[in-house]
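Quick note, the sequences are listed as chains A and B, same order. Numbering-wise, the first sequence is residues 263 to 715 according to our numbering. Numbering-wise, the second sequence is residues 35 to 380 according to our numbering.
Capping the alpha-carbon separation at 25 Å, the derived lysine to aspartate or glutamate pairs in DMTMM-like fashion look like this: (1) A/405 - B/329; (2) A/275 - B/264; (3) B/259 - B/172.
For the record, the hints were derived by calculation from the structure and aren't laboratory data.
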Amino acid sequence: MSFPSQDRRADEKLGEILGRVGSVRLRLNSLAIQHAVFYTLAIVIACGAAIFVGAYLMSPLIFLAGAAVLVIIAASGIVSAVRAGWRMWASAPGAAAVADDRAELKGRLSTIVALAKNETRGPLWSYLVEDTLGYRDEFAAAKIERRRVSRAIYPLVAAMLVAALAYPISKIRHAPRINLGSDQDDLTVDLDDLHLRPADPGDDSSGMQVTADAATMRRLEDKLARENAAGGDVAGNSMNSLVNRARDLAGNLQSKLTGQQSASKQRLNLRLADADQNQDQDEIHRAPETRKNRHGEIAGQFKQEMPKSNDALNLPPEDDARQPNARPSSNSTGDAGVESDAGQDNPNKSDGASDRSIQQSGENSSNGGEAHGVGADPDSLFGAPATSKLGTEGFEIAIEARPVDHGAKGAGHAYVPPKVRTPLSVDQQPDEPVARVAVPADDRNTIKQVFER
Amino acid sequence: MSDVQAETPTVADFARTFRRIQAEIHKVIIGHEQAVEELLSALFAGGHVLIEGVPGTGKTTLVKTLGLALNLSFNRIQFTVDLMPADITGTRVILSGDDGRREFTFQPGPAFCHILLGDEINRATPKTQSALLEAMAELQVTVSGTTYRLKPPYFVMATLNPIEMEGTYPLPEAQLDRFLYKVRLNYPDEGELTRIISSTTGPEDAGIEAVFHADEAAARVESLKQLVREVMAAPALEIYAARLVRATQPQNSRFVSDEAKAVHDEMVNRYVMFGSSPRGAQALILGAKVRALLDGRANIAREDIDHVAIAALAHRIMLNYAALSDGIDAAHIVERVIKSVRAAKV
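Looking at chain A on its own, in the form it has when it is part of the complex:
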């Protein structure tokens, strides 16, 4: 027979045991939650950092594939982390079992927790409670589980360190590309010599941005339409289209991540030199005396403002032989014709496409503006310095464009072999157009005599 006071004391003891088990459970579940959250954050941060760095360092297609793989890995990792946290979640019997194991209580707590709600308790119940309470110090929450913070904090810290390093790493690796682009001179190419074809599926160059006046762009659109109509391989074109779309998607994603969309695109100013384009005459401001020196054919020029990198354009090897003669110069624009808006003297950073474009420009004498110094007519040597830019009413569109050799014309997505550049010898200097400047009157005769000779 038990008295009410004895029952109360027994209930208090039982309550103390259950309270301690509850504390253990609370701590275990806290760790379970931390495990899931920390691992999830670590995975998200690490993958985000990897994608961020990849946006800077990888080409679009590789970046897209890598990002997709990372996202899949991250998703599975998050699911695993959440599942692990779920498995670590302890019920009251589970917490009691953990406490039994760690405190070597041989099932005392598990039995108490399991049988505490039973209305009929055996005669040994009070002994069990008393006996278990004697081990109260053994199953304190701090002793059963000393950690308040899950070990998953280490992966999280590591991921945060990686993320912290990702930004400077991406900037360090990306800095030369930005400088290269900003220092690059414009390109001018003849529109008639511009052969269009779909980009190679594996081509990772990010293309270039073309700016031109309205007439030139119309001609370019017509040319694009003709080239597309001439392309016969439907399956190949659709494949190319898919690849290009994927590349565009990746490029856009990279641009959003890096915030360097403008710097990543080459910009070409496309101009018509044809006299028939009357609506462009005001913008072109050609001098009458230079018109007669034009070669007469409809030609255009590409003006490259910010090429992305040296490998942004692939040229056939035959262009490399003409490389020294094809260097553009920031000071070589005509006085009223095409004006370079770069104004830099970094010809060595232009690639083969630039070389070819400039050579074509020189050979065709397309649109140098008034008194463009094409070097053939001494009468046109002197004129007003180039001050105004052409194409003030022009507009910009982004296209995937590249110069190709004639051998690749009509070949659809034919592979263009990589260009091999032959460096100049120490005695050679690149042939650079000289920017039109004001020439002192005293020197004009001397200069003229030199060119007449």
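Given the coordinates of chain A, assemble chain B onto it according to the supplied hints.
Below, chain B alone, put in the same frame as chain A:
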């Protein structure tokens, strides 16, 4: 004679009594500590014990010593091929009364005692062996339509001789299942044998002291047995015992754990013909309860179940010829089952 208190025993009383009986037995029995502990565990768990051992390992001596230590009535039956059931249970005989009238009177057999030793039980015919079934399971015998109750505690210890198998009758499976434990008595090691020699060839008697008074011995043993039943078992441990038993059954060797992960033991499927019966699970829990009391606990733990698993389950598992040819015994199976179920994390 006895310093064990007569009132309701406590956990400490149980452990103290148990250890004292153990000590008394070991005055005579050298070595065999585990066998003696399993024997006493089976006694207090309310079961019976099958003792297997080669001749001369102290089987009969062990049982005799136990009877003396407990101060309970003790009988011994030497099972032979011509032993009849009535030789065990008793029979009705014609006796003359004081008035000269003759009438049939039941003459109790050796089964009417507290501790019964069936020596070399496999030498008797199955019919005779089965005479023990009712006594072991129901603590009663029926002779000529009349049922006679046996006085508790009733503890049957049967010995088996694993050699000299000619002319023997292996125990029926049903009878094997009625033994709570099967205890093996192996050869003593060198040190134990030396002590056996010195203690049994001298003039001194071992001087076994009974732990209980004769008039209260039965009641004390019964109260201790009742205390064993009061030990608590968490539901998770009952599930664990059930899974252990089911895992010994070839058709159930593929069972599902808490994590819905199927645990499949190929060894059971390959070597086991029949697994343990539900009595095996009862034996696991009861044996675990005795061990818990010996450890001063009022609750069982998984370790207690594992500790008694071989003794409780091995003799309930029937192996096939593949096991015999591969040298696999039931103890191996039980150990493997324990590992499998433990890995499944109840």
